[in-house]
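Take the sequences, apply the hints, and build the full model.
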Amino acid sequence: MLTSIVPIDLKIRPKDIIEKSINLAREADKHKVKIVFGHNDRGTTHDKVFKEKLSKFDHVIIKSEFIASESINSSLLRNIAFKEVKSEFIILLDVDIHPDFTFFLKYKNELINSQEEFFIFPCLYLTKYGTRLLSNNLVSISELKDRFYNFSRKEFLHMASPSSITIMKSQDFRRLKGFDTNYHGHGYEDFDFLIRLIKLYRKHDTPSDFLNNKIARSPLFSVGFRKYLGEYCLHFLLKKEMVFHLYHKKTSHDEYYVSRKKNYERFSTIHGNKNETAAKYSSTLINTFIELCKDRDISIHDHSILFDNKPGHVDRIDTIRRKLKFLFNR
Numbered sequence: 001m002l003t004s005i006v007p008i009d010l011k012i013r014p015k016d017i018i019e020k021s022i023n024l025a026r027e028a029d030k031h032k033v034k035i036v037f038g039h040n041d042r043g044t045t046h047d048k049v050f051k052e053k054l055s056k057f058d059h060v061i062i063k064s065e066f067i068a069s070e071s072i073n074s075s076l077l078r079n080i081a082f083k084e085v086k087s088e089f090i091i092l093l094d095v096d097i098h099p100d101f102t103f104f105l106k107y108k109n110e111l112i113n114s115q116e117e118f119f120i121f122p123c124l125y126l127t128k129y130g131t132r133l134l135s136n137n138l139v140s141i142s143e144l145k146d147r148f149y150n151f152s153r154k155e156f157l158h159m160a161s162p163s164s165i166t167i168m169k170s171q172d173f174r175r176l177k178g179f180d181t182n183y184h185g186h187g188y189e190d191f192d193f194l195i196r197l198i199k200l201y202r203k204h205d206t207p208s209d210f211l212n213n214k215i216a217r218s219p220l221f222s223v224g225f226r227k228y229l230g231e232y233c234l235h236f237l238l239k240k241e242m243v244f245h246l247y248h249k250k251t252s253h254d255e256y257y258v259s260r261k262k263n264y265e266r267f268s269t270i271h272g273n274k275n276e277t278a279a280k281y282s283s284t285l286i287n288t289f290i291e292l293c294k295d296r297d298i299s300i301h302d303h304s305i306l307f308d309n310k311p312g313h314v315d316r317i318d319t320i321r322r323k324l325k326f327l328f329n330r
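Okay, so the sequence shown: first residue is 1 according to the numbering used here, each after it adds one.
Because the hints were derived from the structure by calculation, they are not lab data.
C-beta atoms are modelled at their ideal positions from N, C-alpha and C, and glycine is treated no differently.
Misleading hints may appear alongside valid ones.
Derived pair list, reagent style DSS-like, types lysine-lysine, alpha-carbon separation capped at 27 Å [said to hold, decoys possible]:
no.: 1; residue 1: 51; residue 2: 63
no.: 2; residue 1: 32; residue 2: 83
no.: 3; residue 1: 239; residue 2: 199
Derived CB-CB ranges, DEER-like [stated by the list, open to error]:
no.: 4; residue 1: 140; residue 2: 115; range: 29 to 35 Å
no.: 5; residue 1: 106; residue 2: 154; range: 27 to 33 Å
no.: 6; residue 1: 52; residue 2: 203; range: 35 to 41 Å
no.: 7; residue 1: 297; residue 2: 147; range: 22 to 28 Å
no.: 8; residue 1: 46; residue 2: 240; range: 34 to 40 Å
no.: 9; residue 1: 147; residue 2: 171; range: 37 to 43 Å
no.: 10; residue 1: 139; residue 2: 110; range: 23 to 29 Å
no.: 11; residue 1: 70; residue 2: 301; range: 47 to 53 Å
no.: 12; residue 1: 30; residue 2: 200; range: 28 to 34 Å
no.: 13; residue 1: 52; residue 2: 154; range: 25 to 31 Å
This is the structure in structure tokens:
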């Protein structure tokens, strides 16, 4: 059995989150997969609507608690949701992920039948246009991936590799005592969790470049901890397998995102290099990926898009404003 756990706080984007939660619950019901929402009940009208609408689904559990904090704490909400888990396996989900439960169940079964302890998935972020296509069944997942690998720009923002979307054993979540609830707002709580999960099974010294926090658009140009975590996603990239993040508006100055700086300070304190060693791998994942392609007789040319490290917004023309700027060469 598989249980999905999803954090919900309606402080931001309440209508969008409720709509996506309903769609997530509807798909979970179709596939008979239990989904637990860890819900911060702030007592608003939106919270009442959320509980009323989501309680109608057969495979949904709403675990509501009031968290007396202005900031959003996704770590705590995930831990709250996990209290209701009785299945052998869980998937760490997010309300903005396209609910492809056929894909989730496929890899839950593969986890049972393989020698792997967990699966961490890469995630392709969609534009508003790409989200509309996928959500309205105007394009299949296979067709959408074909567009990505054929360098179409208007449907896609960037790829996160790794993402926080993970299938794992419930007993490992207990062993880790869940997410670190001292991370508030957005950022690094998922990296912290994944590092601790990996260390349950693979013990190694922290390489000297581990805290390199530079962000790359290409998953193969990742450095630092993103590189070491991203290595666990390479076999999915080789198979062109991924999850999809649905578009939503964000306010860059919102407290939820501003907290990233404080969260990184905590992250670097916990996971910093105490005994400096030489980096175990090349500075990026490029050489590793090329060698994997050679070993498995896979054409690198079929994965050329993964080497594209150009910022995602540079040549997109999916809005009128961007089209005008393109036409006037600005």
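Going through the earlier hints one by one, which of them does the structure break, listed in rising order? As far as the earlier hints go, 6, 13 are violated by this structure, in ascending order.
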